[in-house]
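Colleague: The residues making up each chain are set out below.
Protein chains: 2
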Amino acid sequence: MTQFSFDLHSTDGKARTGIIHTPRGDIRTPAFMPVGTAATVKAMLPENVRATGADILLGNTYHLMLRPTAERIANLGGLHKFMNWERPILTDSGGFQVMSLSDLRKMSEQGVTFKSHIDGSLHEITPERSMEIQRLLGSDIVMCFDECTPHPAPKDVALKSMRMSMRWAQRSRDAFGDRPGHALFGIQQGSVFKDQREESAEALKAIGFEGYAVGGLAVGEGQETMFQVLDYAPDMLPADKPRYLMGVGKPDDLVGGVKRGIDMFDCVLPSRSGRTGQIFTRHGVLNIKNARHKDDPRPLDEACTCPACRSYSRAYLHHVFKAQEIIASMLMTWHNLHYYQELMAGMRDAIAAGTFDAFETQFHAQRAQGDIEPL
Amino acid sequence: MTQFSFDLHSTDGKARTGIIHTPRGDIRTPAFMPVGTAATVKAMLPENVRATGADILLGNTYHLMLRPTAERIANLGGLHKFMNWERPILTDSGGFQVMSLSDLRKMSEQGVTFKSHIDGSLHEITPERSMEIQRLLGSDIVMCFDECTPHPAPKDVALKSMRMSMRWAQRSRDAFGDRPGHALFGIQQGSVFKDQREESAEALKAIGFEGYAVGGLAVGEGQETMFQVLDYAPDMLPADKPRYLMGVGKPDDLVGGVKRGIDMFDCVLPSRSGRTGQIFTRHGVLNIKNARHKDDPRPLDEACTCPACRSYSRAYLHHVFKAQEIIASMLMTWHNLHYYQELMAGMRDAIAAGTFDAFETQFHAQRAQGDIEPL
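Listed in order, the protein sequences are those of chains P and V.
Here the numbering used here is used: the first residue of the first sequence is 2, the next is one more, and so on.
Here the numbering used here is used: the first residue of the second sequence is 2, the next is one more, and so on.
Chain P with its partners taken away, still in its complex shape:
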């Protein structure tokens, strides 16, 4: 059986391209992982997610443990089979969404207890339980259970939170056990404080993981502050292991993240925006519900090869969006995911060719042009 491993192929500045090998297939990096919250990337069939170029999906431990439950998915043969996606899956630890979605949370050194946002039932997640859930799901890349320190956090609060996450990282590592072909990723915390990021990185390296995430960003600090942290935080993590920036982001966040040495990203933005009519193209963002599209026979982006752009006009997409037709979510999610994967492919090629700076310049220049003129 193939083991989990990471081959770094090329670097260009801090930007890196390579391949994460797993028994379920390769992941080309830098990689964008579409989010399949409840065992589906919303409005997409998995074969179509694959057709956009995705090598790996993200599943949400919090949602799946509540419904249909990890035990049920395990009995049905695991998450891959359940959702008809045989390629790699990364699962988060559940911690982030406990804090953002559940009611009546109570956190202690042991873990966190909370009430389900679906039916009010009482649950507990500890590092050990998170490892168990992710094992039941059959996740290929398992994330340590941590506390995502909110922003802004006073320095002493951030430090306390980070240190607890590092103790939980050790407990996660211990509970994960020996699972050939599966990976456990540690998560760096430390908010916007360089010394805490350093302490966190050292703690994680001392434990040892198959990959390392930069956590605690994209929580409201803004792009400028995020990039300031990313100017140093990824460098603190081992160069020979994948680096994953959690919950990021907008297209320019991805370019800025890759530039700073990030290999993996996930975000609901392209799929969620597909359902709300916000469209990403080379020329920035457009909103399909705007009346300017009502009679426009042109595609979203004439250079895009996704089904929405190949076969439908802006006028059609405007119509089905206004009529609240499901096909609007289907086509626009497909387009956005396709755009995100094309962006990642473009960055991978540019890094391999040593032209990442030129890629970045063109990326920003095209966006500065804005959407095509109305007819």
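Quick caveat, the hints were computed from the structure, so don't treat them as lab data.
These numbers come from a predicted model, not from an experiment.
There's no promise every hint is true.
Derived DSS-like pairs: lysine-lysine, alpha-carbon spacing no greater than 25 Å straight-line [as the list claims (entries may be wrong)]: (1) Lys323(V) - Lys116(P); (2) Lys161(P) - Lys107(P); (3) Lys195(V) - Lys161(V); (4) Lys82(P) - Lys195(V); (5) Lys82(P) - Lys251(V).
Which stretches of chain P does chain V cover? Using the computed rule of at least three CB atoms under 8 Å from a CB of chain V, they are [claimed, not checked]: (6) 11 to 23; (7) 33 to 42; (8) 75 to 83; (9) 99 to 111.
Glycine is no exception: its CB is placed at the ideal position from the N, C-alpha and C atoms.
Once you have looked at the hints, place chain V on chain P.
Modeller: What follows is chain V alone, placed relative to chain P:
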């Protein structure tokens, strides 16, 4: 250019199989037409509707004239291009949905005025305007503007209604004009009264149409009454032209209709049921939200080759339905449309082989077995 024509290939009792030729492609009969109300078969990409075996879609004049408007669709190149379906499209006349959906209807010999259910705007449909709208849409098979007589109707009310529809049929024919490659279908009315059905059929034949619909059924009269009318009504219509039973129906309605000489059907049932979790299989109807499916690793129907059955368990479909995920509507609509098209294909083959009676017996026997036993 291919003209519109109908080749009757085989008959078996009253059941018929053949091909309707149109410039946009052949329609194998008996045919089931999925309904694409607002320029989309809900929750389906058009290429996937085609993959289920559909040769033709139905579009709704009422919905499309209100949004995005027939004029806008014409400016964008017609309905086929707009919705990315290059095969034949049949459009209804708008009359039925004016009566069922709009507000403040007022009917006269001239036509009907009404307020839009979307924005309250005032509109009029006359036979002439209905022909104009269907021409703007680019419909391949155009339906006469008529009044669908409600059920039950006193005999004198039904007669008056039918006779007005026959005058409107003449006006529709006159307004349709000379459109090679396009067809106009007349619609028989007359409620449940045999003499009125006869009078209506004679009036339509005197005008002359490329096909004939049996209208005014599936409006609450029940299957037994509908079949009683179908025991004689289709025979009154020309044998060398397609016969279309409007707005029908359940799987056993289709079998009973074909048995009585019907060639074409349309109904929202398979697509609407796909969104509400009602599933049609060889073994009848099952409801995916039933808790019995929660842990069931088996497909909806092990003999079905649709994507929902090939790649997903009942447990998965139950989960995504309960979680209100869009993929539930996508997969279950696909399954239902696939089942309907397989049913039509089975009937076509049986008629060609002269084994329609045996087909019908097996159809009812399989349904009588009911769904597979819970695990």
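Colleague: Failing hints, ascending?
Modeller: Result: hints 4, 5, 6, 9 break, sorted rising.
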